[in-house]
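Peer 1: Protein chains in written order, with my numbering: chain A, 1 to 367; chain B, 1 to 306.
Please keep in mind that the hints were generated in silico from the structure rather than gathered at the bench. Cβ coordinates follow ideal geometry from the N, Cα and C atoms, glycine included. Mixed in with the good hints, there may be bad ones.
So the derived label-pair ranges between C-beta atoms look like this [to be verified]:
(1) A/Asn174 <-> B/Leu258: 22 to 28 Å
(2) A/Pro170 <-> B/Tyr146: 47 to 53 Å
(3) B/Val113 <-> A/His241: 42 to 48 Å
(4) A/Leu213 <-> B/Lys187: 41 to 47 Å
Covered stretches of chain A, as calculated for chain B (at least 3 residues, CB under 8 Å) [claimed, not checked]:
(5) 139 to 153
(6) 158 to 165
Pulled a few chain B residues facing chain A out of the computed Cβ check, cut under 10 Å [as the list claims (entries may be wrong)]:
(7) Phe79
(8) Leu97
(9) Ile99
(10) Phe100
(11) Leu104
(12) Ala110
(13) Val143
(14) Leu147
(15) Glu173
(16) Val232
(17) Ser235
(18) Ile279
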Amino acid sequence: MRIEKRVQSSKHMIYLSPVLAVVLTLLAGAALFQLLGHPPGESLYNYFINPVSDMYGLTELLVKVTPLLLCAIGLTLCFKGQVWNIGAEGQFLFAALMAGMVTLELADVEGFWVIPVILLSGALAGMAWAGVTAVLKTKFGANEILTTIMLNYVALNLLLWGVHGPLKDPDGYNFPESALFSEHTLLPLLSEDYRVTAAIFIALFMLAVVWFLLSKTLFGFQIRVLGESASAAKFAGFNQHRLIWLLLLFSGAMAGIAAVSEINGPVGQLIPTLNLGYGYAAIIVVFMGRMHPLGILLASILLGLTYVGGEMVQIEQGMPKSIIGLFQGMLLFFLLACDLFIHYRVVFDRWSTSPTMHTPTSTKVAE
Amino acid sequence: MDITLIENVLFATVRTATPLLLVALGAMMSERAGVLNLGQEGMVLMGAAVAFMASYVTSHMGLGVLAGAFAGMLVSVLFAFVALNLMANQVATGLALTIFGTGLSAFIGADYVGYSMIGLAPVELPLLSSIPLIGKALFAQDVLVYLAFGLFGLLWWVMRGTRLGLIIRSVGENPEASHALGYPVLKIRYVAVLFGGAMAGLAGAYLSLAYTPMWSEGIAAGRGWIALALVVFASWRITRVLLGAWLFGFASILHLLLQGSGYSISPNLLAMLPYVVTIVVLVMMQRKHGQSDAPRSLGQPFSSSR
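The shape of chain A in the complex, shown without the other chains (with noise of 0.2 Å):
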């Protein structure tokens, strides 16, 4: 048995390959259920069926979509065009930051203006933390990965700051917490019952708009490029600055939205533990979803059921939270594991003797 570069990409397996790495993502959960002691079977009912099997549930999904898949969104055109950002943790912390200050400016101020104040905050937070990146990449030639992690570490470094300084609420009994966000400036909730508030309709209508960009336009067509060969984005008399400038400054301004649909919606107020980790998740989104919006969509719902699985076995079954990091990274690597098969076969040199069936005709080969 052998592995042969095949003549062709495939299509099939770029949407197999995705179902695959969910099989054996459970596989290996059940596994793990085992060795840990737990009844694989109702261990994976209930991270993966029992949270989203009532109402609630399905809303709590949505609750953890919204800033997945706003995230993703932004992500998916850096990836595209070959903008490493890993940074959208940190926009997401230091827009948090950001329109949390803002949110407590407005607790006593009422207005139809008053939310989306709040959000435009938490946009132009989040273009500004992406823009640092931004500027060191264009101006310094940094590398942004390590240059949008540690950027990441003081995004929440500030965040920690405030609410332990100048943000922590007086009347908190010294807990490091911001004073709680007055009604008007929480998002409008879809229904009196759930935590979902009407985000989740701007990650879609913004789903959408990259849809439209990506497909349509001219700008889908040279982040394509700049992703493909930087050179020829040269060639092309694209300018290859301003197009880095608009996808971390577009990521930046998805991430911050998101950070706003967290904390003026379900949280409602600044914590310090608000790094659930969404920005490095939308990465895993983004790569499953295959960078196309309705791969984005159905993996953001996926990684979505890790986060509420994950609090669904902690609080059955007492395991730690931290299951939902294991689950999202055994979901990547065996992502990146399955991919192989895009570009290349598996091979059993037994059954291959006949000569005429994997000999590339000269003609076909389109690498």
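Since the structure of chain A is already known, use the hints to place chain B on it.
Peer 2: Then chain B, alone, in the frame of chain A:
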């Protein structure tokens, strides 16, 4: 400034630099062989969790250290398999390893949060440790610091003057040519990645057994990433890795000096310092050298059947 203060600062600098040095040496070796492994943070965390648990259960520090290094190596096999055998994108695979390692270490270590231990004790080398200024920093440390020095010396020698060093370098520069010359490119890359994993695991062991003898989720606090930046800073040169690690170590403990001299700055703002320094240093290095020093096949998959 009095001399004991300087001695203490140098001592703390070397201690703080040790985990960075260990990770960076390992990362540099695998990058020299052409493999970019962004999973360092995950491997450090695995090393830290397993080292602490093993030491706690067996009450034996040495076993803990070995277990930590082994754990780092074990998870690096995952990376090696997916990135080398299956030729996946190394950036994405490294991220996967970090996400996975962060999750797994927190998961297996959950029962040990809040436990503490008596950490590795310093060993004062006679005579040497009484050298003024540098004696305490270099010769009154714990054994893992000495081990880091030893490994540094070993790798310096390997990369400087041995055939093995040359082969590793050529595999990173031009794998096709190395393959044509008959060197087992994939095998060498595997060993380089596994070595990097063991070094990261060792760094983790240092954190949870010596630096702060305890386990807490995310104890590595980005040191794996900082070490990766350190390799860029060092332009993949081994002596500069050591100097860089010391510089970063100094930057990380600068706040102790500030606090000591009476400035009161929020600890959260001070905690930002190493990351900010990393960014500044990256920018400075990039201006001076660009990417020109990087091994030429860094991050590119290799298949002999191509």
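Peer 1: Can you verify the interface hint for B/Leu147: is its Cβ closer than 10 Å to any Cβ in chain A?
Peer 2: Given a least distance of 27 Å, the restraint on B/Leu147 is violated.
Peer 1: Quick check on a hinted range of 47 to 53 Å for A/Pro170 and B/Tyr146, using CB atoms only.
Peer 2: 51 Å, holds
Peer 1: Measuring from the C-beta of B/Ile99 to each C-beta in chain A, is the shortest one below 10 Å?
Peer 2: 4 Å, holds
Peer 1: Count the residues of the segment 139 to 153 of chain A with a beta-carbon closer than 8 Å to any beta-carbon of chain B: does the count reach three?
Peer 2: Check passed, 11 qualifying residues.
Peer 1: For the hint on B/Phe100, does the least C-beta distance to chain A fall short of 10 Å?
Peer 2: With Cβ-Cβ at 3 Å, under 10 Å, it holds.
Peer 1: Minimum Cβ distance from B/Ala110 to chain A below 10 Å?
Peer 2: Given a least distance of 4 Å, the restraint on B/Ala110 holds.
Peer 1: Can the suggested window of 41 to 47 Å be confirmed for the beta-carbon pair A/Leu213 and B/Lys187?
Peer 2: 45 Å, holds
Peer 1: How about B/Glu173: closest beta carbon in chain A under 10 Å, or not?
Peer 2: Cβ of B/Glu173 sits 20 Å from chain A, so the hint is violated.
Peer 1: Against chain A, run the beta carbon of B/Leu104 and see if the smallest gap drops under 10 Å.
Peer 2: Check passed: Cβ of B/Leu104 comes within 5 Å of chain A, closer than 10 Å.
Peer 1: Would the hint on B/Phe79 stand, with a C-beta cut-off of 10 Å toward chain A?
Peer 2: 9 Å, holds
Peer 1: Does B/Leu97 hold up as a contact with chain A if the rule is Cβ-Cβ below 10 Å?
Peer 2: 8 Å, holds
Peer 1: Taking the least C-beta to C-beta distance, is B/Val143 closer than 10 Å to chain A?
Peer 2: Result: violated, 30 Å to nearest chain A Cβ.
Violated hints, in rising order: 13, 14, 15, 17; the structure is consistent with all others.
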